[in-house]
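Student: Generate the whole structure from the sequences, applying the supplied hints.
Chains as they are written, first to last, in numbering that gives the first Met the number 0: chain C, 0 to 276; chain R, 0 to 365.
Calculated directly from the structure, the hints in this document are not laboratory data. The C-beta atom is built at its ideal place from N, Cα and C for all residues, glycine as well. Hints are not guaranteed to be accurate.
Here are a few chain C residues that face chain R, going by a calculated C-beta distance under 8 Å [claimed, not checked]: (1) G164; (2) P166; (3) S168; (4) L169; (5) Q171; (6) A172; (7) L174; (8) S175; (9) A178; (10) N179; (11) R182; (12) P190; (13) L191; (14) L253; (15) M256.
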Amino acid sequence: MRLRLARYADDAAHAGAIFIMAAAVVFLVLPLLVAITLSFDARDYLGTFPPPAFSTRWYIRFFSDSYFITGLKFSLVLATVSALVSAAIGVGAAVAIDSYTRHLRNLLTSAFLSPLVVPGVVVGFALLIFYARIGLSDGFLRLLGGHVLVTFPYVLRTTLASLRGIPSSLPQAALSLGANERRAFWTITFPLARAGIVAGAIFAFAFSLDDVAMTLFLTDPHHYTLPVALISMMYANFDLTIAAVAVLLVASTLVLMICLDWLVGLDRVVGAGVYRA
Amino acid sequence: MSDPIVVLRNVTKRYGRINAVDDVSFEVGKGETVALLGPSGCGKTTTLRIIAGFVGPEEGEVLIGGRDMRGVRPYERNIGLVFQDYALFPHMSVAQNVAYGLRQRRFERSKVVQRTADMLALVRLADLGERRPGELSGGQQQRVALARALATNPEVVLLDEPLSALDAKLREELRSELKDILRAVGSTTIFVTHDQEEAMSLAERIVVMQAGAVAQEGSPAEIYGAPRTRFVAEFIGRSNWFSGTLCPAISHGLREFKTRQGVALKVADRDDRAAGGWSLCIRPERVFVRKAADTAPPGAAWDNELPGTVTAVTYLGSEVRYAISLASGEVVSAIERNQDQPLHPPGTPCVICFSSRDSMLVADAG
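Tutor: In structure tokens form, the structure reads like this:
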């Protein structure tokens with residue numbers, strides 16, 4: 000009898016877990032579905048859900064608005080350059096940190112990852128004051144500095160995870176076979192850590208594309224990203240173009256994630272190591 | 000040794016206050032195979048890494064091919080190194096792994112291809128050149144690592160626990176193969192192992208290490224037959240021990256050894272040894288067990304006889320092991336080759352016999 004009760008309790012707990020998971024999925028996906036539906040709304044105004052008729056007018060509106068397109072182009076350029084610069088800095092820092100003793104390594108890793116836990120508003124404000132002090136006025140460089148600051152920790156983290164997975168005997172074997180340190184790095188360490196580096200760079204790209212809080216502080220009338228353009232438009236006149244852009248952004252992120260999965264396997268990126276033997 | 004390839008002189012490496020390698024000196028001649036043998040943490044691997052150039056010693060000098068290695072980086076030395084985990088490059092094919100050293104040392108392109116093929120043939124992996132290391136068995140990986148290390152024709156080949164990652168059966172198989180390959184190439188070899196059997200079967204000379212220092216150096220027969228310390232005797236093979244004192248000589252070449260329990264034993268006296276402070280060591284396979292009722296077999300020079308009782312018998316097929324509790328209190332083990340002789344069951348009153356010539360005197364620690 001007691002045994003059977005225990006089994007009922009187990010089954011109930013299992014069912015509960017499934018319910019919570021299902022609720023979470025609904026909570027995550029439902030707003031997305033609403034946004035997708037609304038982006039095809041044919042009405043002029045924000046009406047009741049569901050819309051009575053569908054059209055692609057908001058998409059056409061987006062692509063024909065030079066304000067948005069300028070923002071989009073700038074966003075893409077900024078994200079690409081940020082990802083590349085972050086990759087270079089992140090890999091360099093990761094390689095250096097990896098060679099230190101455990102204590103120093105943990106300390107430096109925490110220090111370098113700190114931009115991730117500082118709110119974007121704080122980073123943006125701090126940078127604004129810092130740039131004013133050093134007299135940096137170039138709009139692109141101001142934004143690039145901010146974006147690299149918050150995106151390079153992603154590359155650092157994924158690269159460190161990759162490096163950690165490479166046995167130290169591999170580069171040492173290369174050295175014993177006559178390769179100098181630089182050649183050992185480029186022929187052994189780098190190819191084996193490449194998956195992690197690329198994963199970090201893609202994260203950096205996605206984060207740069209998405210950031211608003213910090214970017215708002217550093218933007219100027221000639222240098223603005225797509226999210227900033229969307230927000231200023233929202234203040235001016237709210238329409239469903241924002242839903243269309245949201246759908247486009249979700250779609251492109253999805254493409255990036257598929258690329259990432261195909262390239263290295265998403266579970267490896269999110270999990271501990273990306274080294275494969 | 001007319002032509003030493005590797006010379007270590009008073010090499011010391013400290014980690015904090017601990018001497019990981021403590022005043023180690025030895026030489027390795029051309030074409031010779033030397034084993035660094037010892038328990039884990041004895042400094043043997045650090046010694047190997049010092050020779051490879053990954054670790055710089057605080058004191059002493061390392062010479063390879065007569066050249067002082069101070070400040071010479073690993074890639075500036077001409078060494079071949081086989082790692083314990085083989086360290087095969089997972090993103091390269093087997094052939095690319097073997098060719099790596101040749102490429103780095105800027106061999107001609109045609110020479111690289113030729114030499115790679117030769118090396119793969121040498122380790123009997125000619126057909127598997129296009130495979131990735133991950134697709135090979137442990138034994139095959141080990142052979143690839145060996146081929147890669149030998150490809151550039153290094154002055155000395157260093158092997159770190161070459162067979163420890165393999166299971167027991169494969170290990171024995173690969174041991175003889177490794178020996179054949181090393182002999183075929185004629186390479187000068189230093190390898191690190193904690194397995195005395197591996198050291199004895201592969202090496203011409205063994206350097207036994209303990210707590211960073213060289214405990215004894217010599218041929219396998221010297222190390223086994225005349226261990227200088229109790230550590231060496233116990234690390235290499237099984238042994239029975241009697242502690243006691245050495246008494247003045249009985250006759251020419253023969254001395255009396257009085258155990259703490261007061262039993263007098265005869266020992267061969269090779270050198271002029273001081274009285275006191277010695278232990279007597281006898282290998283179990285040199286101990287013969289006979290029933291107390293039987294008389295001693297003729298011919299054998301068993302001049303030590305001690306009464307006791309068989310307490311355990313272990314039948315192992317090729318040999319039989321006995322544990323015998325002596326009347327004086329010690330427990331002695333004996334190993335006999337199985338030749339279908341009748342076994343002595345536990346409880347049998349017996350006499351153990353051994354020769355004074357097989358009794359080894361080992362200085363007590365100090």
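Student: Next step is simple, just say for each hint if it's right about the structure.
Tutor: Status of each hint after checking the structure:
The beta carbon of G164(C) is not positioned within 8 Å of any beta carbon in chain R (closest approach about 11 Å), and the interface hint is therefore violated. A cut of 8 Å between beta carbons decides the hint on P166(C): the least distance to chain R is about 6 Å, and the hint holds. Interface restraint check for S168(C): the shortest CB-CB distance to chain R comes to about 4 Å, inside 8 Å, so the restraint holds. Look at L169(C): its Cβ gets to within about 5 Å of chain R, closer than 8 Å, so that hint holds up.
Checking Q171(C) against chain R by beta carbon gives a least distance of about 6 Å; that is within 8 Å, so the hint holds. For A172(C), the shortest C-beta to C-beta distance to chain R is roughly 4 Å, which falls under 8 Å, so the interface hint holds. At about 4 Å, the closest approach between the beta carbon of L174(C) and any beta carbon in chain R falls short of 8 Å, and the interface hint on this residue holds. With 8 Å as the threshold, the beta carbon of S175(C) comes within range of chain R, its nearest partner Cβ sitting at about 4 Å, so the hint holds.
Because the closest C-beta pair between A178(C) and chain R is about 4 Å apart, less than 8 Å, the hint holds. Hint status for N179(C) relative to chain R: holds, with the closest Cβ pair at about 5 Å, below 8 Å. A least Cβ separation of about 7 Å between R182(C) and chain R falls short of the 8 Å threshold, and the interface hint therefore holds. For P190(C), the suggested interface contact is upheld, since its CB lies about 5 Å from the closest CB of chain R, less than 8 Å.
Among the interface hints, the one on L191(C) holds; its C-beta lies about 6 Å from the nearest C-beta in chain R, closer than the 8 Å criterion. The closest approach between the C-beta of L253(C) and any C-beta of chain R is roughly 29 Å, which is over the 8 Å cut-off, so the hint fails. With a cut of 8 Å, the hint placing M256(C) at the interface with chain R is violated, because the nearest CB-to-CB distance is about 24 Å.
In summary, the structure is inconsistent with hints 1, 14, 15 from the numbered list given earlier, while agreeing with the others.
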